[in-house]
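Student: Sequence:
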Amino acid sequence: MNYVNRLLNRLTMYQLVFYGLAILSAYSLALSFFGFVSYTILSLIISLCIVFVSCFITNFLFAKMLHITPNKESYIITALILFLVLIPPVNIREYFLLSLVSIIAISSKYILTIKKQHLLNPAAVGLVVGSFFGAGAIWWIGSSWFLIPVLILGILILKKVRKIKMFSVFFIFAILSLFIFGYFKENPLDSFILLFTSWPLLFLGLVMLTEPATTPTTLKTQSVYAGIVGFLSGVLYPLGIFTMTPEMALIAGNVYSYIVRPKYRLDLETKNIYKLSEDLYELAFDKPKGFTFTPGQYMEWTAPHKSMDVRGNRRYFSLASSPTENTIQIAFRMYEKASSFKRSIVEKTLKGNLIASHLSGDFILPKKLENPLAFIAGGIGVTPFRSMVKYLTDKNLQSDIVLLYLVKREEDLIFQDVFKEAEKIGVKVIPVIGSYHITRNDIEKNIPDAKERTFYISGPQPMVEGITSVLRSLKVKSIKTDFFPGYEV
Numbered sequence: 001m002n003y004v005n006r007l008l009n010r011l012t013m014y015q016l017v018f019y020g021l022a023i024l025s026a027y028s029l030a031l032s033f034f035g036f037v038s039y040t041i042l043s044l045i046i047s048l049c050i051v052f053v054s055c056f057i058t059n060f061l062f063a064k065m066l067h068i069t070p071n072k073e074s075y076i077i078t079a080l081i082l083f084l085v086l087i088p089p090v091n092i093r094e095y096f097l098l099s100l101v102s103i104i105a106i107s108s109k110y111i112l113t114i115k116k117q118h119l120l121n122p123a124a125v126g127l128v129v130g131s132f133f134g135a136g137a138i139w140w141i142g143s144s145w146f147l148i149p150v151l152i153l154g155i156l157i158l159k160k161v162r163k164i165k166m167f168s169v170f171f172i173f174a175i176l177s178l179f180i181f182g183y184f185k186e187n188p189l190d191s192f193i194l195l196f197t198s199w200p201l202l203f204l205g206l207v208m209l210t211e212p213a214t215t216p217t218t219l220k221t222q223s224v225y226a227g228i229v230g231f232l233s234g235v236l237y238p239l240g241i242f243t244m245t246p247e248m249a250l251i252a253g254n255v256y257s258y259i260v261r262p263k264y265r266l267d268l269e270t271k272n273i274y275k276l277s278e279d280l281y282e283l284a285f286d287k288p289k290g291f292t293f294t295p296g297q298y299m300e301w302t303a304p305h306k307s308m309d310v311r312g313n314r315r316y317f318s319l320a321s322s323p324t325e326n327t328i329q330i331a332f333r334m335y336e337k338a339s340s341f342k343r344s345i346v347e348k349t350l351k352g353n354l355i356a357s358h359l360s361g362d363f364i365l366p367k368k369l370e371n372p373l374a375f376i377a378g379g380i381g382v383t384p385f386r387s388m389v390k391y392l393t394d395k396n397l398q399s400d401i402v403l404l405y406l407v408k409r410e411e412d413l414i415f416q417d418v419f420k421e422a423e424k425i426g427v428k429v430i431p432v433i434g435s436y437h438i439t440r441n442d443i444e445k446n447i448p449d450a451k452e453r454t455f456y457i458s459g460p461q462p463m464v465e466g467i468t469s470v471l472r473s474l475k476v477k478s479i480k481t482d483f484f485p486g487y488e489v
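Residue numbers (our numbering): 1 to 489.
Note that these hints are calculated values from the structure, not bench results. One should not assume that every hint holds.
Keeping only pairs whose Cα atoms sit at most 30 Å apart, straight-line, the calculated DSSO-like set for lysine-lysine is [unchecked claim]: (1) 367 to 351; (2) 116 to 368; (3) 477 to 220; (4) 428 to 480; (5) 351 to 428; (6) 263 to 64; (7) 351 to 64.
Taking CB as the label site, the calculated pair distances span [unchecked claim]: (8) 348 to 93: 46 to 56 Å; (9) 267 to 468: 33 to 43 Å; (10) 468 to 289: 49 to 59 Å.
We put the beta carbon where it would ideally sit given N, CA and C, even for glycine.
Using the sequences plus the hints, can you model the full thing?
Tutor: In structure tokens form, the structure reads like this:
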């Protein structure tokens, strides 16, 4: 399990999906070679080449026309999904349709936007529009031979992005819908087994439903979104002139998602770069007029730059600033083998401004501060707590908060001026130097009334999971966790 955590910590969400889909595609070729799928290996290779080349050229042309730096992983992920869903072509007409669907899918990323925000999943758009031209989306990835690999990839994705609850809602509503529409009427057990071995439910829910760009930003709205897609994906009968398909169900969910999620897409010029310690940096930007957020939330950040490495140009960072301040601030650690993303920022080699979008997160303060709180921060995981504490201080909101601040070196204790000022409103900061690991004794010594407090934990995922286990052993009932996907990239 520790190996899995370390692996996920070194990958971005997009890398994980890209590598996973690439492995599934290679696996499909192996199945064809040994005769376990009905498509020839030649037809699969041709199909893969057509979707990849079509997606690449379309993405390249739109990026050139619009003078933007494209996200490399994005078009490849779309191409691989289309490859695993569309029927492999066997004649010139089908070659053309496959290329057309790919072109439509990538074009939708640039055309179907509102205020530069993606509206719909591009692969789903390509499949729906392509169906009117006769393109066959048969979802062959749903066959029994792919069950275990898709499950493994899906579990890794859910663990990475923490969308287990969202997938659970999707799955429950899909089963409910299938039950309502009579799928389990005869031979329920056989029908349930068939559901997993010949229906794309798992691939839809584990891989496509979880795409960050078209997913709502709070637990409540994510549950509604998952319920919509799950229920519609189980509809077996025509709805008016439409026959419901998995891709149409996903598009319906995307529309709901766009309605409820924040519409911010900020084009930010770096105002200042501060070196906080040997390898910790803080960026400051002027806050655009009208931009609001809740302390503890995070955004997706895109850094357009040359010589992009395989780790891509997108990351998630918590907002370290408070809504009461006139600047937006983020902070990150520069590891020895830092990504081109971080190097381009620190070395000031960006090809444009940083783009911040997809304001998200439920790791926020309670509406009422009547009950005592405990914050546990690991390293740069202190950023959301800086935002919360600064907000409380500026608003002069009295509180009972203990912050255990875990760092490996004393010089990594940052934002000390903010925490010092917060003492006047009831915030107590306890530095713990040397490790991100703490024991039951550490908790009992520093927070003797732990059972009465609501705990907030932020930092690398292994630390978050370890401390959560310690708190549960102490019978702490209320625990909220945050983490940084791709902590080391």
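Student: If a hint holds in the structure, say so; if it doesn't, say that too.
Tutor: Outcome of the hint check:
A C-alpha spacing of about 41 Å is found between residue 367 and residue 351, which places the hinted pair above 30 Å, so the restraint is violated. About 36 Å separates the Cα atoms of residue 116 and residue 368, which puts this hinted pair outside 30 Å; it is violated. Of the supplied pair hints, the one linking residue 477 and residue 220 holds, its CA atoms being roughly 21 Å apart against a limit of 30 Å. Annotation: proposed proximity of residue 428 to residue 480 holds, straight-line Cα distance about 19 Å (limit 30 Å).
Using a Cα cut-off of 30 Å, the hinted pair residue 351 and residue 428 is violated, with the two alpha carbons roughly 42 Å apart. The straight-line distance between the Cα atoms of residue 263 and residue 64 is roughly 25 Å, inside the 30 Å bound, and the hint therefore holds. Taking the CA atoms of residue 351 and residue 64, the gap is about 14 Å. The hint holds against a cut of 30 Å. Taking 46 to 56 Å as the suggested C-beta distance range, the pair residue 348 and residue 93 conforms, at roughly 52 Å.
As the Cβ distance of residue 267 to residue 468 is approximately 37 Å, the hint placing it in 33 to 43 Å holds. Taken as a hint, the range 49 to 59 Å is violated for the pair residue 468 and residue 289, whose Cβ atoms sit roughly 39 Å apart.
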